[in-house]
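Residue numbers (numbering that gives the first Met the number 0), protein chains in the order written: chain A, 0 to 134; chain B, 0 to 134; chain C, 0 to 134.
Keep in mind that the hints were calculated from the coordinates and are not lab data.
We treat Cβ as the ideally placed atom computed from N, Cα and C, and that holds for glycine.
Heads up, some of the hints might be wrong.
Cut-off 20 Å, straight-line C-alpha distance, at most; resulting in silico cross-link-like pairs (EDC-like, lysine to aspartate or glutamate) [claimed, not checked]:
#1 B/Lys59 to A/Glu45
#2 B/Lys59 to B/Asp49
#3 A/Lys59 to C/Glu45
#4 B/Lys59 to B/Asp13
#5 A/Lys59 to A/Glu124
#6 C/Lys59 to B/Asp49
#7 C/Lys59 to C/Asp49
#8 C/Lys59 to C/Glu45
#9 C/Lys59 to C/Asp13
Pulled from the structure, derived: some chain B residues nowhere near chain A, Cβ distances all over 10 Å [unchecked claim]:
#10 Thr37
#11 Glu50
#12 Tyr52
#13 Pro72
#14 Glu124
What follows is the residue order along each chain.
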Amino acid sequence: MPVYTCTTVQSTLDAQTRANLAGELTRIHSMINHVPGTYVNVVFHELAADEVYTDGEPAKPLLINGWVRTGHPEAQTSQLVAEIASAATRVTGIPAQRVLVVIQNSPAHFAIEGGRVLPAPGEEEAWLRAQRDGS
Amino acid sequence: MPVYTCTTVQSTLDAQTRANLAGELTRIHSMINHVPGTYVNVVFHELAADEVYTDGEPAKPLLINGWVRTGHPEAQTSQLVAEIASAATRVTGIPAQRVLVVIQNSPAHFAIEGGRVLPAPGEEEAWLRAQRDGS
Amino acid sequence: MPVYTCTTVQSTLDAQTRANLAGELTRIHSMINHVPGTYVNVVFHELAADEVYTDGEPAKPLLINGWVRTGHPEAQTSQLVAEIASAATRVTGIPAQRVLVVIQNSPAHFAIEGGRVLPAPGEEEAWLRAQRDGS
């Protein structure tokens with residue numbers, strides 16, 4: 000259901016670190032937002048050094064943008080963003096000063112996965128059960 | 000007006016399939032949201048195999064993210080997302096289980112194209128007429 | 000705080016033009032939205048010629064997508080998008096007809112930078128002061 004898009008300059012994260020970060024984002028999202036890991040997508044955009052700027056100068060931030068369904072309780076989203084930001088530094092070693100995490104959202108019924116409209120937050124279980132039953 | 004961003008692993012879609020998918024997304028959006036095809040943009044991000052993860056493992060989903068103007072009737076957006084998801088599998092052969100379509104939105108007046116603030120949904124005709132008249 | 004993502008076909012913008020555009024977007028955002036330039040990020044995605052379509056045909060638009068915090072006054076966002084669109088053409092020479100600027104937003108507390116939840120619009124000063132004081 001969610002998509003996390005991580006943007007860095009090339010060679011900032013090696014392949015193992017990308018895999019580790021993808022694993023952590025998946026674990027955290029799955030735990031907090033009640034979504035099986037099989038529905039959590041993480042992609043990495045690795046750009047050239049002269050394609051990333053902060054304050055108008057070439058820079059090396061780690062930008063993480065996540066899309067989630069609208070309607071999760073506020074406290075849950077706050078916990079999500081906090082744990083993702085914390086994991087980003089813990090897994091990559093990039094200091095928090097260069098890490099920006101942004102969560103965006105839109106209604107669950109504006110999204111389709113596996114041929115089915117996504118469930119609103121809180122209705123995941125029935126949705127997953129129907130998926131398993133092939134109904 | 001809209002932008003559709005399709006993200007896959009490299010070599011998932013060949014050039015002809017990308018062109019076909021761009022054509023179908025354009026046709027569908029134009030028909031349902033009353034926007035001439037000349038205003039429909041489709042871009043493809045083709046990432047390395049170790050830059051795309053599902054469930055924390057390298058994977059090959061087709062992720063389609065569309066931006067549209069806020070204010071289209073709900074039923075219209077539901078139809079839009081359904082037809083896009085259906086076209087994605089029909090055109091690419093990628094099974095629905097690996098396709099995620101997400102529509103996001105923001106107000107039309109948060110966007111400018113051709114030097115002019117975009118029209119709210121329903122006001123496209125007057126906007127296009129003014130464009131043609133150069134007024 | 001904000002992230003501006005500029006998408007073009009490769010070789011549309013040379014390195015100097017990218018730097019100039021990043022500089023202008025930073026200056027404009029900083030001035031209008033009261034954010035120090037050190038918090039303004041600009042990234043460029045340069046795609047292959049057969050990865051960008053308008054009206055279902057390969058095309059060369061300049062697509063600028065900005066993420067900002069929800070809650071800026073409407074007039075401020077209107078000014079922001081107008082000045083960014085104007086700067087895009089002025090800096091790159093790409094005619095307005097091929098430039099699309101879209102601003103998206105989500106709540107400030109859905110984002111973390113430097114380890115701290117972002118301030119709501121209007122509360123930047125206290126937030127920056129606390130940052131400087133290390134409190």
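task: Take the C-alpha atoms of B/Lys59 and B/Asp13, compute the straight-line distance between them, and say whether it is at most 20 Å.
output: Roughly 14 Å separates the two Cα atoms, so the pair holds.
task: Assess, step by step, whether the Cα of A/Lys59 is no farther than 20 Å from the Cα of C/Glu45, and give holds or violated.
output: Cα-Cα ~18 Å, so holds.
query: Hey, B/Lys59 versus A/Glu45, does the alpha-carbon distance stay inside 20 Å?
result: Given that 20 Å is the threshold and the Cα spacing comes to 18 Å, the pair holds.
message: For B/Lys59 and B/Asp49, compute the direct alpha-carbon distance and say whether it is at most 20 Å.
response: holds, 10 Å
message: Hinted pair, alpha-carbon criterion (20 Å max): C/Lys59, C/Glu45. Please report holds or violated.
response: holds, 11 Å
task: Quickly compare the C-alpha distance for C/Lys59 and C/Asp13 to 20 Å and report which way the hint goes.
output: Holds - the C-alpha atoms of C/Asp13 and C/Lys59 are around 14 Å apart, at most 20 Å.
query: Within a Cα-Cα threshold of 20 Å, do C/Lys59 and B/Asp49 meet the stated pairing?
result: violated, 28 Å
- request: Could you let me know if the closest chain A CB is still more than 10 Å away from the CB of B/Glu50?
  value: violated, 4 Å
message: Would the non-interface assignment of B/Glu124 survive a Cβ cutoff of 10 Å against chain A?
response: Non-interface label on B/Glu124 holds, nearest chain A Cβ at 25 Å vs cutoff 10 Å.
- request: Measure nothing beyond the straight line between the CA atoms of A/Lys59 and A/Glu124; if it is 20 Å or shorter, mark the hint as holding.
  value: violated, 40 Å
query: Is B/Tyr52 truly not at the interface, in the sense that its beta carbon sits beyond 10 Å from all beta carbons of chain A?
result: Violated, because the least Cβ-Cβ distance between B/Tyr52 and chain A comes to about 4 Å, which does not exceed 10 Å.
- request: Could you check that no beta carbon of chain A comes within 10 Å of the beta carbon of B/Thr37?
  value: Nearest chain A Cβ is 24 Å from B/Thr37, so the label holds.
Comparing the model with each numbered hint stated earlier shows that hints 5, 6, 11 and 12 do not hold.
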